[in-house]
Amino acid sequence: MTLLEVKGLKKYFPIRKGLLRKVVGHVKAVDDVSFSVKRGETLALVGESGCGKTTVSRCIMRALDPSAGEVNFTLDGRTTDLATLDGKGLKPFRRHLQMVFQDPFSSLNPRMMVGDLIGEPLLINGMSDAAERRKRVRELLDVVQLPVEYMNRFPHAFSGGQRQRIGIARALALNPSLIVADEPVSALDVSVQAQIINLLLDLQDQLGLTYLFVAHDLSVVKHVSDRVAVMYVGQLVEIASTEDLFHRPKHPYTEALLSAVPKPDPRAKTERIILQREVADAANPPSGCAFHPRCAHATDLCKQQRPALVDLGQGHQVRCHHAHELDLKGVGSLA
Amino acid sequence: MKKSVLLGICASLLVGVSAFTPVQAQQPSANLMASGLVGKLEGPELILDASKWPKTFGEAPELAELVKAGKLPPVKDRIPAEPLVMKPLSEVGKYGGTWRRGFLGPGDWENGNRLNASDKLLFWDPTGTKIVPSVAKSWEQSADGKVIRVNLRKGMKWSDGAPFTADDFVFWFEDLYSNKDIVSAPIADMSPGGKPGKVVKVDENTVEFQFENPHFLFVDFLAGDTLIGGGQSVRQSQGTTYGAYAPKHYLKQFLPKYSSEAQVNEKAKAEGFENWVKMLHFKKDWSFNTELPTLGPWKTTRPINTPTWVLERNPYYWAVDSAGNQLPYIDKVVLTLAEDSEVINLRAIGGNYDMQERHISLSKLPVILENQQKGGYKVHLDLALHGSDTTLFINQSFKADPEVAKWLTNADFRRALSMGIDRNQLNDTFWLGIGTPGSVAPSVQMPQSPGKEYRDKYSTLDIAKANQLLDGIGLTKKDAEGYRVRTDNGERLRIQVQAVKALLPWPQQAEMIGEQWRKIGIQADVREMERTLATTRTRNNEHQIMVWTNGGTELLYLFPRHAIPVDPTEAYMAPEFATWYASNGAQGRAPTDPQMLKIYDLFKSASGQREAGDRDKTAQEIWKILVDQQYAIGTVGESPAQFGVRIVSTKLGNIPARACIAQHCRTPSSSHAETWYFKQ
Amino acid sequence: MPQTPMVDHPDHEAGRSPSATSPLLSVRGLKTYFKLDEGIVRAVDGVSFDLFAGRTLGIVGESGCGKSISARSILGIVDRPGKIEGGEIWLQQESEDSPAIDLLQLPHEGAEMRAIRGKEIALVFQEPMASFSHYYTIGNQIMEAILLHSTASDAAARARAIELLGMVGVPNPERRVDEYPFQLSGGLRQRVMMAMALACDPRILIADEPTTALDVTTQAQVLNLLQRIQKERGLSVILITHDMGVVAEMADDVVVMYLGRAVEKGPVDEIFHDPKHPYTQALLRSIPSIMAKPRTKLATIEGSIPHPFARPSGCPFHPRCPDAIKGLCDVTEPPTHALRPDRAVSCFLYGDAS
Amino acid sequence: MLAYIARRAVLAILTMAAISVFAFIIIQLPPGDFVDAYIANLSASGSSVSMEEAKSLRALYGLDQPIYVQYMKWMSRVLVGDFGESMEWHRPVAEVIGDRLWLTIVLSLSALLLTWGIALPIGIYSAVRQYSALDYLFTSISFIGLAVPNFLLALVIMYFSFVLFGANVGGLFSSEFDLAPWSVAKVWDLVKHLPLPAVILALAGTAQLIRIMRANLLDELRKPYVVTARAKGMPEARVIWKYPVRAALNPFASTIAYLFPYLVSGSIIISLVLSLPTVGPLLLKALIAQDMFLAGTIVLLLGVMTVIGTFISDLVLMWVDPRIRFQMD
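Chains as they are written, first to last, in this note's numbering: chain S, 47 to 381; chain F, 224 to 903; chain G, 565 to 918; chain X, 361 to 689.
Everything labelled a hint here was simulated from the structure, so no lab data went into it. As the structure is a prediction and not an experimental result, all values here were calculated from the model. For glycine and all other residues, C-beta sits at the position ideal for the given N, C-alpha and C. Treat each hint with caution, since some may be false.
[As the list claims (entries may be wrong)] Dumping the calculated SDA-like pairs for lysine to any residue here, alpha-carbon to alpha-carbon at most 20 Å:
#, chain 1, residue 1, chain 2, residue 2
1, F, LYS490, X, PRO452
2, S, LYS181, S, SER152
3, F, LYS701, F, GLN691
4, F, LYS424, F, HIS472
5, G, LYS861, S, MET159
6, S, LYS63, X, LEU362
7, G, LYS599, X, TYR496
8, F, LYS501, X, ALA369
9, S, LYS375, G, ALA856
10, F, LYS299, F, VAL315
11, G, LYS795, S, ALA354
12, G, LYS599, X, TYR491
13, X, LYS602, G, ASN704
14, F, LYS742, F, GLN731
15, G, LYS683, X, MET594
16, F, LYS629, F, ASP711
17, G, LYS861, G, GLY809
18, X, LYS415, X, ILE427
19, X, LYS583, G, GLY809
20, F, LYS622, F, HIS472
21, S, LYS63, X, MET678
22, X, LYS602, G, GLY809
23, X, LYS433, X, ILE379
24, G, LYS861, S, GLU87
25, F, LYS492, X, TYR491
26, F, LYS492, X, LEU420
27, S, LYS137, S, PRO167
28, S, LYS63, X, ALA369
29, F, LYS403, X, GLY477
30, X, LYS546, F, THR529
31, F, LYS492, X, LEU439
[What the hints assert, rightly or not] Have a look at the derived ranges for each label pair, beta carbon to beta carbon:
#, chain 1, residue 1, chain 2, residue 2, range
32, S, VAL69, X, TRP601, 40 to 48 Å
33, S, GLU195, X, TRP601, 48 to 56 Å
34, F, LYS874, X, TYR519, 24 to 32 Å
35, X, PRO611, S, LEU358, 51 to 59 Å
Isolated chain S (complex conformation) (with noise of 0.2 Å):
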């Protein structure tokens, strides 16, 4: 069953110039971005810095207006826009979309105490008895695995790892349907990053969340995601189960982040396909398909003609002409 459903996502940011400022181009953040995530699915957002995830993101949560698109958002039964929604209209669904952050304490008040942190969204909402938020409080610090002590400190006194855990648990006081986590792990240690992520996983199975996973790290993608989408220069490029993506992926984009990634074994000597040139630039995206200039395999076609999502089978939908023809390689698989 599809909770969210994205299609035709726009978003442009006018470009001004001269005396008196006229728009002169957009920066097509996002360029025509389409996928649904089904509930109690992980769906992750990948792509490079500046390819438009984050603004993918921004929109569904409405931090930012789309330029154009629907976001629907099914909620007991009934589908909604939530793109044609003002604020007053949004109110309804802010507690069922809950978002976490890179860093959730660089937007808290760090005079807070951490009980009122995580109870702050309950106190808007409407919980106003107190002894009934510490009680909710309590269960979610459990929920995220902190001690319950924890309630009456200070957000300084936390290292990173913890902190997530706060900023989990304020993203679940309310019961929401979809998490939107942005580069939730990014931040984090190593060690402390393998914690955080098995939360999330053991979360999703207690409390059948639904994500919608951004992130640039295709490792951490790996272990969390059920369904991956790859974004290029503000354009879905792929999109497939993880399996599929990782082991059979059919844009050469994905073939070539994926053999980038470097692998912690010294004896996996995987040929690393590197790119030439630079991203495109969103503001003057390059004709034909937006990866032609850095693509192994461009012929003249893509240089003219920007390919069309297709599916092939199985929801694993491909931006390129020449998916069915390109042998491409996935990572192995572990023994």
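Since the structure of chain S is provided, determine the placement of chains F, G and X on it from the hints.
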């Protein structure tokens, strides 16, 4: 940062906290009185008997040089045949020197005007009680009081050497005063009973002021600081055109009548003025226009709107000393711009001024005294003649709050307020014990004084009596904190006292009075205000009680506005009544209070009383009513608070021990600065 | 001066045939402390390692382990209030005959030390954006090093800068040389950084998290470049990183650090395939792998890295160690136990104590 | 870049027009008008103005006309460079201000140079030698400097110079030169009088600037590019001067906007206390006296200086900061 805060800090820094604490302040008071700081009222003596006049004349060396060079006529030709002869206070002085003084900029024009105030037709002797000749040689008043003849000095000349004659009076009257472009409406001084008078030339040296109604006060007006009698320096400057004469030979070039309107307007444009009227206002202003012929002892050589206002001797000045030396002795007066009165005080203490009384603050007296030796000066305390430096004017036409208005217009209420004030505490704290507590009535030295008992009536602390009066009028109920409550809604009766930080720290004083009133159960809300806001409020009849001085009231008829509500520009006692009175009933509101009406009647009748003694009696009657009714509550007066702390260089001679501090004395002019001189 | 027992003399037989018998750079018992109001932070606490000519030494560890401070200590550019409190840093002179010099015996600000900085040992480090000043062109900042260490003219230095930019793969070097750092992409900036470090043809390059801020594809480019340059110039590289993948791909030898101590060192293959220290073992297990089955949980290390002020007694890893021996690990700091000349571990599970 | 400058210039002109309206409204806001203030002033100093006088004065100064008429009249003159006549000074406003303007600029500029000359080296020293004994000393001194209002300092210095030396500190000229026309001797007299007020004016700013410079530089010193520079083997002094100091100075370019109006007004309070003939006290007096055109022109001047200052600070920033230069369009 608010200026007042700054000044406060500055003052306390300089004076030390001691000056403000009553305990220690009492000590200097006794010492000061004994220390000879307050001397005897004295000054040069006028020699009116022509037979005693000198036959030969002396002049300043610099003028003698000019005479030698043929640039100036000899001194005997410059001095009138009938000069004003003055016997200097101590000795015949020496010529020379520059008198250094401080001023605050063009807004402080009175600073210089007052040095030049002998350009009035008549003036007062150094005690401030007797009218004496000045520009006019003598005067006569007709028996019916309708004609006043003024005799001018034969051969008297303007500062440029042109003859000063009756034509200059007629010119002023016909071409300036009567010209609606210049003076929009006739003035009360010239219109007894509302009927305009006129100025008539009898001969070259004789002028008559003729009226349809008796105008016995006119001689007083000519001697007073009034629109008609003020003199050229003050009354023809700063955009106004009064006085009684003007230099026709010079000013006529700026009037349309003597050429054409187009011509004078063109001239105005060429000189950068909008039109001829504006040009004229500039040209007749002695403080700006250095070319203007004047009559005072000094004339402006560097205008007031520069960092230094410089006055230099008038070579045609018409007064001589008893030895025949043309006055003034001092060559030059240099007034240096100070950005703030605090700076003037500092500089005075530093010995940078030769004589400064203006802007010197009484609160700095201890420091001033301490530095006498170092600064090379001597301090004189000149006590004023008016009754109350800090006066609570109780608005009799107030009506915004009927309950409050009811009490403000109740005589017993006012008497109780007055008796609830501890004037000794005020005196000790703010006047360093030097002032005299009392009512609004003037000093007993003044002929119009109603007597000592009226200095004290209802004006000494008597809490019991005050409470008794308040209970008696029905203000018996009190709230939990002991304040009396309103009779209409039972809430606390709050009386607003509006105070401006100007001459004295009035807001602080009002606060102290408010504290004192707690004992009689009256809540005073003191509102400190910026000056213009306060005056705007009073003009709109919005104030309940206004704190101001009653300075100038020592001669009631000459400057009545601080005593009774007759002039809407300053009518703290009753703005609406003043408007009513000034407009002859056309505007404003007539009082119903019989005592107030009686004051108006008495005031009006004075002009028709021939004998000065009778007019003084009338004034005494008015004062008796004023004190009895307590329309204005006096606190402490007869003090040196205003212009009364005089710092004089030890180098100067002929300095009076005490000078007259009063509006009509044009302090320090009645002490005749032209007879002062530098001993070395 | 405290001595660490690990490798008593630099001459040894290496496992993976080092190109030289004596190390180019030998760090012994390095201690760098920060004296703060709150207490002393022992950022580097007795670390020893060797860098051999033409090889890459990887220093890995999580935040606060002291790997960056070690690098800066070598260059003598530790920020106040940090101070090198002890140890030796022997640098083999250019000519084989000259004796090695102990950098710590040279005055920090002396001409000799400055001649070594940039000329002999160069630094490339993370945050390529912040590692440049925005007020000067990249050409200016590259030429600066050249002019500092040679007698080259401005024109020659500029030509050299352009050449270097070309070498590190910056397109249009003639144009780029006059651009400002903020006009370049992250990848290009890191290349420029590399060009700057190579300006004076150093023998040793310290790369402190050179790719941390970069995207994977860019990281791949930069790592490739680094390998190429090393090969071309016979550079010795100290690669500091927290990314086990990068270490596995780049390093010949590895030092694993934890809270200021080198807990284990050895050839890269052995570190990854035969880790000895419980921390190394746990760390490797907890790394998410791109080759993992989707949605598999990771092995974790209990707890978190202690705050530098709250450094545990004994072995700093003992509170998180599954094998910790009560009464020993929490009391006594384990000595470094040399398993072989090029292989050592600091743990009571090995050596005499076990 | 030209488009950017042109756009800023157009905005600046519009702002100035708006400022002229605001300036006029602001000086109209207090109750009463020049004549009221004038009467109040006189009656407090023992003189009098009658009703008749007041009325003719209002007509003379055009105060009987509606505000917008007064504004239009003023603006029509301002546009041709004539700022009207000061009611109190009876001189063209331009002249009244002009007298003081350059003295103000000389004073403010010397104070500024002094501030920078003292503060920047100390700030740099304090940052580079953080927590050294001298740093602690400078820090405590600058905290005192920040805490003590500088007018108080002026008063104290004035008081002590009087008590100890019997010297009178106020003013910018000795009395014998007050009147004198400009000459070498008069300039020398000014030079002799300048240091004290300049020092007093400079001190408070110095304390603040030391703190700002120190904080800015401390921030910059921690940045990686400093490490990069050190790693190149540059001598420490050159590292500091070329890199972090350069960066730490950058924020000061944006303070030009505030300095400009200060240059023409000077410090009002200090000028009052020390009786310095600068524009500041003139504004205060003009406001108290409700001398409309004078006050209006000074307020307008301050506004215009702010606008010009902002404009120049943008240009300077553009010049010193390549990032801004390249990201303008």
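So, going through the hints one by one against the coordinates:
1. F:LYS490 with X:PRO452: 17 Å, holds
2. S:LYS181 with S:SER152: Violated. LYS181 (chain S) to SER152 (chain S) sits at ~26 Å, over the 20 Å cutoff.
3. F:LYS701 with F:GLN691: 14 Å, holds
4. F:LYS424 with F:HIS472: Answer holds: LYS424 (chain F) to HIS472 (chain F) is near 16 Å, not above 20 Å.
5. G:LYS861 with S:MET159: 31 Å, violated
6. S:LYS63 with X:LEU362: 11 Å, holds
7. G:LYS599 with X:TYR496: Roughly 18 Å between the alpha carbons, so the hint for LYS599 (chain G) and TYR496 (chain X) holds.
8. F:LYS501 with X:ALA369: 39 Å, violated
9. S:LYS375 with G:ALA856: Holds, at about 16 Å.
10. F:LYS299 with F:VAL315: 19 Å, holds
11. G:LYS795 with S:ALA354: 43 Å, violated
12. G:LYS599 with X:TYR491: 12 Å, holds
13. X:LYS602 with G:ASN704: 11 Å, holds
14. F:LYS742 with F:GLN731: Between LYS742 (chain F) and GLN731 (chain F) the Cα gap is close to 18 Å, so the pair holds against 20 Å.
15. G:LYS683 with X:MET594: Roughly 11 Å between the alpha carbons, so the hint for LYS683 (chain G) and MET594 (chain X) holds.
16. F:LYS629 with F:ASP711: 11 Å, holds
17. G:LYS861 with G:GLY809: 19 Å, holds
18. X:LYS415 with X:ILE427: 17 Å, holds
19. X:LYS583 with G:GLY809: 28 Å, violated
20. F:LYS622 with F:HIS472: Cα-Cα ~53 Å, so violated.
21. S:LYS63 with X:MET678: 17 Å, holds
22. X:LYS602 with G:GLY809: 38 Å, violated
23. X:LYS433 with X:ILE379: 16 Å, holds
24. G:LYS861 with S:GLU87: Roughly 16 Å separates the two Cα atoms, so the pair holds.
25. F:LYS492 with X:TYR491: 69 Å, violated
26. F:LYS492 with X:LEU420: This hinted pair holds, its Cα atoms lying about 16 Å apart.
27. S:LYS137 with S:PRO167: 13 Å, holds
28. S:LYS63 with X:ALA369: Holds, at roughly 16 Å.
29. F:LYS403 with X:GLY477: This hinted pair is violated, its Cα atoms lying about 62 Å apart.
30. X:LYS546 with F:THR529: The hint holds at about 17 Å.
31. F:LYS492 with X:LEU439: With a Cα-Cα distance of about 19 Å, the restraint between LYS492 (chain F) and LEU439 (chain X) holds, given a limit of 20 Å.
32. S:VAL69 with X:TRP601: 40 to 48 Å: Between VAL69 (chain S) and TRP601 (chain X), where Cβ atoms are some 43 Å apart, the hint holds.
33. S:GLU195 with X:TRP601: 48 to 56 Å: 52 Å, holds
34. F:LYS874 with X:TYR519: 24 to 32 Å: 26 Å, holds
35. X:PRO611 with S:LEU358: 51 to 59 Å: 56 Å, holds
In summary, the structure is inconsistent with hints 2, 5, 8, 11, 19, 20, 22, 25 and 29 from the numbered list given earlier, while agreeing with the others.
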